[in-house]
Each structure stands twice: as C-alpha cells, then as structure tokens.
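So the sequences go chain by chain: C and G. Start counting the first sequence at 0; every next residue gets the next number (numbering that gives the first Met the number 0). Start counting the second sequence at 0; every next residue gets the next number (numbering that gives the first Met the number 0).
It should be emphasised that the hints constitute simulated quantities derived from the structure, not laboratory data. Note that the structure is a prediction, hence the values are computed from the model and not measured. One or more of the hints may lead you astray.
Given that identical chains are not distinguished, each listed pair holds provided it fits within a single copy or across any two copies.
No more than 27 Å apart at the CA atoms, straight line, and that leaves these computed lysine-lysine pairs for DSSO-like [unchecked claim]:
1) LYS281 with LYS97
2) LYS97 with LYS55
3) LYS85 with LYS4
4) LYS365 with LYS396
5) LYS4 with LYS213
6) LYS213 with LYS281
7) LYS221 with LYS165
8) LYS414 with LYS165
9) LYS365 with LYS90
10) LYS18 with LYS414
11) LYS195 with LYS365
12) LYS418 with LYS365
13) LYS55 with LYS396
14) LYS418 with LYS341
Protein chains: 2
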Amino acid sequence: MIRFKNARIMTLAGDNPFKITEGEVWTDGDRISFVGTPTDEQLKNTQFEREICVMKNLIMPSFKNAHTHSAMTFLRSYADDLPLQKWLFDKVFPLEAKLTGEDVYWFASLANLEYLTSGITANFDMYFMLDDYVKACMDTGFRSVLCGSVSGGAERSFELEENYNKYNNTYPLISYRLGFHAEYTCERGLLENIGKLAEKYKAPVYTHNSETAKEVNDCIEKYGMTPTALFDSLGIYNYGGAGFHCVHMTEQDLDIFKNRGAYIVHNPGSNSKLASGIADIKAIKEKGIGIALGTDGPASNNALDMFREMYLMSVLNKLRENDAAACDANDVLYAATVGGAKAMGLDDCDTLEIGKQADLIILDLKQPNMQPINNIAKNIVYSGSKSNVKLTMCAGKVLYENGGFTSADAQEIYKNVQKHAERIQSEVSG
Amino acid sequence: MIRFKNARIMTLAGDNPFKITEGEVWTDGDRISFVGTPTDEQLKNTQFEREICVMKNLIMPSFKNAHTHSAMTFLRSYADDLPLQKWLFDKVFPLEAKLTGEDVYWFASLANLEYLTSGITANFDMYFMLDDYVKACMDTGFRSVLCGSVSGGAERSFELEENYNKYNNTYPLISYRLGFHAEYTCERGLLENIGKLAEKYKAPVYTHNSETAKEVNDCIEKYGMTPTALFDSLGIYNYGGAGFHCVHMTEQDLDIFKNRGAYIVHNPGSNSKLASGIADIKAIKEKGIGIALGTDGPASNNALDMFREMYLMSVLNKLRENDAAACDANDVLYAATVGGAKAMGLDDCDTLEIGKQADLIILDLKQPNMQPINNIAKNIVYSGSKSNVKLTMCAGKVLYENGGFTSADAQEIYKNVQKHAERIQSEVSG
C-alpha cells in the first residue's frame, strides 16, 4: 500500500466535486483503498510500502485525454503553418505511408511520456499497428482505450470486429471501442456494417464527426443529411459513443447526441491550429450532453498538454459567446477528468473514491502560478501548467515524479524517435 | 565571466534570426562578451567564475512581457467567469482600493518569480505605488520598464512628469515611460498635457488602446474619432510608443501606428478571457507595424506565461483568418522576444550579440514535448511550455535555475502574499 499524507484532496466525486478537504489517500495495488482522515487504529493496523508527504499540495484524479493519435509525434513541428489540405496531402499522408511497427512503438512511447508530464494517465487513441502501440503502453504502464479507425469499403468491418475481440479483455490497461475514421473516408456499406456491429455487441461507437464545415457540407451534398444524422439513421449511435471535434453541429445533431447518450469530445487546440472553428460548448452544455476533452494528435496541436486544452476550452468559448462569464472553469475541469473517463468507458477511473482505480496526480501548489490560493479549481484551469505536475500515478504505479520517469528510459526513447523520424523523412524526400 | 558551453544557440539577430548554431555564449558582468566557437587561445586566456554545460539544449534571448500589471496577482482566481463590468466594478476596484505599498511589494514579488519561471526577464508594468514596486524588482533582480498610468484631470500630468524624471536613470534595471491609463479614464485636458510632455521630452507614449468595442464606440460618440485618432490629433504618438491590446482598430488607426512608428502590444490571453476579441495581427503585420506580446495582469489572464501567449497569438489568428497558414510561429517568437524589447525601449536586451545585455534563457529540449527536433522555433511556439525553462538570466545574473530561485525566498513570498490577500478580502467583505 502507498500512503499519501498531509494532502489537500479534490475527489471530483459527489454533489460538490470541487470541494477541497485535507487528509490522506491510500492505494492498494491498482485501487484506491482509503480517502479521508484515518484513525490512529487504522494507521496502526496498516503496513505501507511507501509514504509520500504531499506537503499540503493537491491530490486529485488524473486527466483523461479523450481523443488523440499518439504516434504522430514524429510529425511535430515538421509541417506547421500550412493550409489544411496541403498539410494533410503533401506532408502528413506521404510520411505516414512509410511507418513501420517499430516506428509506432517509439513514437507512441514518446507521447506516453508527454502525457504523464501533463498529468494524463489514459488516452483514447486512434491509429494503426496496434500490437506495437499496445506494447508501447504496456512498457510505459500507460492506460489506453484503442479506438477503431477503419476506413474504406464494407469489408473493413471484419477487421474492426476482429480487433474488438482481440484487444478487449486481453491486456491489462488496454481496452478497445468500436470506431471508424470518419464519414468522408468510409463507404456507405462500411457505415452500415458498423451500425450492425453496434447492435450485435450493444456497444458504443466513436468517430471523427463534423470537424470542418467542408466535411459537413460534403456529407449533406452526398447523403442529404449531416454526418450525425447519417450515423444515427444507420444505428451507429444506438448505444452511445462519441464524436471527436463536433465543431459544426446542428441543433438536430445535438438532439441525437442527447437522445443516444453520446459524448462530445472537444479538441480546442487542434480546432484552432487547423482553423476548423470553435465548438459550441454553450449549446452542448445546455442540451445536457456529456463533454470530454482531447488534445488530438501532436501533428495538429502540437502539444499533448491538458492544461493547454483546459484553458483554451474556456477562453475560446468566452470569445465565441462574447461573454466573459461563459464556460466556467469548473465545467472545464470536470470535462478534462470525469467527463473524459466516462466518454472512454473508464467508469472506475474517474474520481478519488474507495475501490476506484488509483489514477491520480499531485499538483504542486507551491509555485508562483498557483499562488495565492483563492480558488484551486480556477487556479488549475486558468493559471495551471504542466510544470505543476509533481507526480502521476496510473493503476497504483507512480510513473512520473519530480520530472523523472520510473517506467521508461526517456533518453533512449528520444534517441530512437529522432532516428526513426529522420529515416521516414529521408525515405520521402529521397 | 560565465561560460555557457556545448549549447545550441538561437541569437534572434541578423537576417536569419531563427538559425540554430552550436557553440558557446559567455557573459561578463551584465553583458554578453562572446557568442560562437572559441579558439583554444581565447579559452586559455579567459578566467570563468562559472562554467555551465548546456548539454545541447537551447540558449536564446529571454522573453519580454510588454504589458502587465504585476501586483494584481492577489486577484488571481478571486473572481473569474463573471461578466466584464461586474468583475471590474464589484470585484477588482473595491479590492484595489485597499492596497498598501507593502501589499504591492509582495504581490509584485510573486509576479516576478512567475515571470522567471516562464523565461521572462523584463516587463512593461502599469500600476501604482511605484517605490514599493521598484523595491520588489530590485530585490528580485528583475528588469522593469514602468509605464505611466495616470488618469483623471489635467493636473495629473505633473505626477506623470515627476515620475518620468524620478524613475529614469536612477535605479539599475528600472526605466520609466510616459503613459496613461486609457482614453476613457482621462479627461481631455490630461490627454492634451500628455501630448505636450511627449513633445517636451521627445518621448514615446504608451496606453491601453481600443481594447473593447465599447471603448471605441464611446470615444467616437464623445470625440467624433477613435482613440488612436484622438491621441494622434493631440500629438501623443508623435515620438512613437505603443497601444496595449488594440483589438478594435480601423485601417486609419493602423496607418497612424505605422506612420508614428508606434508598436502594438498584443494580449491574446486577456483578450480571450475577458471576451474582448482577437486583434487583427494579419493586418498589423501587412502594415509593417511592430508587434510585441504581453500577458496583461494576472487578474485577467490569469497566468504570466509567455508560452501560453505565443500559442494563443498564433492559433487565435488562424481561427480569425480561417486559415491554418496564418500567423507563422516565427513571427510569434520574434514578437515575444525582439519585438517586446524594441517596444519597451530595451534596445540592448533583444538579441544574443556581443555587448548586449545578458538577458537570456536555456530551454530544455530533452523533454517529451520538445522531441523530436524537427524545427526548434516551431517546437517552442507550438509545443513549448514553461516546464522547458531550465535557466533564466537577467543582466548577467542567474535568477532561476532548475526550478529554484536564487534571488528570492519563494516560500516567504507565498506566505506574505496569502496573508496580505486575505487581509484585503476581509476588509472588503467585513
């Protein structure tokens, strides 16, 4: 058991999720075993393998990154400040075509380290070469929900179903959700088959949805309806799921999400950097739709930093609504933690309560940007930084502490990432 | 002399300011004495008091925060997510009315620490109780350009002139520029007197300008012209200067800035959080107007973090222009460093060249968010973080290194900030 003592605690549970109490958090294996102030009796009867004095800093649930493409780290800062189509077709796709499984292993390992530095312990990852990706997560000790990413013709649904059965209930820390790339990269037959899979497994489905105005307009031209309406007509959202981005949604689209219990995964960094627009968080919240936050991949963000996403979510929506009171910091913090866990189906990774997974972080409040302490939740969202992340624990294991990684050799990963990224670049230019 | 060796160097000087070379930087007293690869002869003939191995990390000029109100740290997270007028009149003004000089000393000291953690070595600060503020900067070793902040009636120009003569050429690291709060808080007689002071001292003038649409519309209603046109009609910008914010500018306003050689200080964090709008950086750049970056005060941002401002400057303008190619990262990095130094009149604090002030930082490239190294300048703007700031040097003195402060007792400052902030809050509520 590990004992975190002398802590400020924000459980994110119950009716007052942002309330700060003082006390202790204990973990036993991969679970939380105690939250509160222990009696002398309890302390006397408990053996700890480690005691960590939190020094009145904050212990809280870790962040959940509800949409990303981890292995795209190799494209970071390779092709920025280009028009969207040129970036995608001239830069991203040609390099991605050269990827090997070993590349994906190193590139995803780098991303996992970056998540940990930002207090993220789980991601919802959409990419390919899954065996290599899973190995990267296993080696880092990082929790990941794989998202189906099929595209193309109807027959690709077999691969999706195969992966669904292969990667669920097989690896610790790994699960798999039905999903596909996007409406504009899938034939109708594939979408129909995915609707059938949703019904067969009574499972939620996840996909890029309404990221750009062009995507929505093209879909309306092709099918006479929006992507969301199309998916719903095929039963794809019958058991919930989520849309990634959801920047250009109609009121009818939002009603579908509400009725199906689907989540909206907001990606403000990527939507800004690629000039896609600002999702209408006010309308989404008013409908009562669940909201999660994601970084999207490092080619389009370019950081994997939940503090950045939280700040952007709030201030972009203040700009959008022309109202400094819009998009309260508390809603943002909830989306980045509990909202993400729920959207990803990680129902026992959301709060600090006994029996939940020990996925938690310590934030250093004794840095200038977190002082004075007027309101800790607002400090986190509005002035917090990844530099405040003192410790990141996933499934009861400390993976990051005081700037160092316990489960990975960072220098080795950097060296290999650089080598493999340069090889891909030379293959394309050569 | 201090020797930084085994470094990647970005000087920000010359025709290729973002070029990376490998070599050394030496400082002698408060100045840079060498940049490049030394000969054995040079090394043999030089005595160093300290040698710092940069380990192939990046040494570059420090950031300059061209608009802030440092002492407002006490209002951080005290009153967020409120409509602008309610925030200002019900929260900010009543608490500010209770400020003592000692309060300002502690609150500004906290801000100075925060600047250092973000690689900022100089700010352009607009506030009051200047003796206490200057003492905070002297104690921290932080460079500051004080900005006149008068408002009210014509007679206040005496105070401005008095301060101009009192604080210039008196304290090391401190200078003072003519300035006033804003059009909407100054009577016409005061603005006229400030125009006369600009002429008398042949000096640039600085002020809040066109931050909100309401400010501009009210000015047009009152004077029949925009704030910029009004200032120009009174000779206020005859020797240059700058406008802080400049969110709502006409083409004619921009022509005035161009013709007068005045700078635009962009504050994307504050302009977003207060829902003021997005300044038209594309038009400003096309006019050839100099651009600097500022955090604004911690009550309206709420962080004092140049990495946040840089990212926001770029992505907000991509959103504004609906163009992922808008607002190139290189322009952003230039504004945050050289642009700021020039706008503030710190002409010898802008680049890494022999004879310039030794105001510099080391950025740790061996963290996940800076890998791989495809393009360092873009890494800094798009995935960089204050967590990458390894060392901050101002005027040849190392003030921040590996997370610790050399010139200040941070815990003592946090304790006093909390105590003084709580006293003010209790005075207002009590």
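Hints, verified against the model:
{"no.": "1", "hint": "LYS281 with LYS97", "verdict": "neither (41 Å within a copy, 36 Å between copies)"}
{"no.": "2", "hint": "LYS97 with LYS55", "verdict": "neither (49 Å within a copy, 29 Å between copies)"}
{"no.": "3", "hint": "LYS85 with LYS4", "verdict": "neither (53 Å within a copy, 40 Å between copies)"}
{"no.": "4", "hint": "LYS365 with LYS396", "verdict": "both (24 Å within a copy, 24 Å between copies)"}
{"no.": "5", "hint": "LYS4 with LYS213", "verdict": "neither (53 Å within a copy, 51 Å between copies)"}
{"no.": "6", "hint": "LYS213 with LYS281", "verdict": "both (23 Å within a copy, 24 Å between copies)"}
{"no.": "7", "hint": "LYS221 with LYS165", "verdict": "neither (34 Å within a copy, 72 Å between copies)"}
{"no.": "8", "hint": "LYS414 with LYS165", "verdict": "neither (32 Å within a copy, 55 Å between copies)"}
{"no.": "9", "hint": "LYS365 with LYS90", "verdict": "between (43 Å within a copy, 25 Å between copies)"}
{"no.": "10", "hint": "LYS18 with LYS414", "verdict": "between (43 Å within a copy, 22 Å between copies)"}
{"no.": "11", "hint": "LYS195 with LYS365", "verdict": "neither (53 Å within a copy, 47 Å between copies)"}
{"no.": "12", "hint": "LYS418 with LYS365", "verdict": "between (38 Å within a copy, 15 Å between copies)"}
{"no.": "13", "hint": "LYS55 with LYS396", "verdict": "within (21 Å within a copy, 32 Å between copies)"}
{"no.": "14", "hint": "LYS418 with LYS341", "verdict": "neither (37 Å within a copy, 40 Å between copies)"}
When held up to the earlier numbered hints, the structure conflicts with 1, 2, 3, 5, 7, 8, 11, 14 and fits the remainder.
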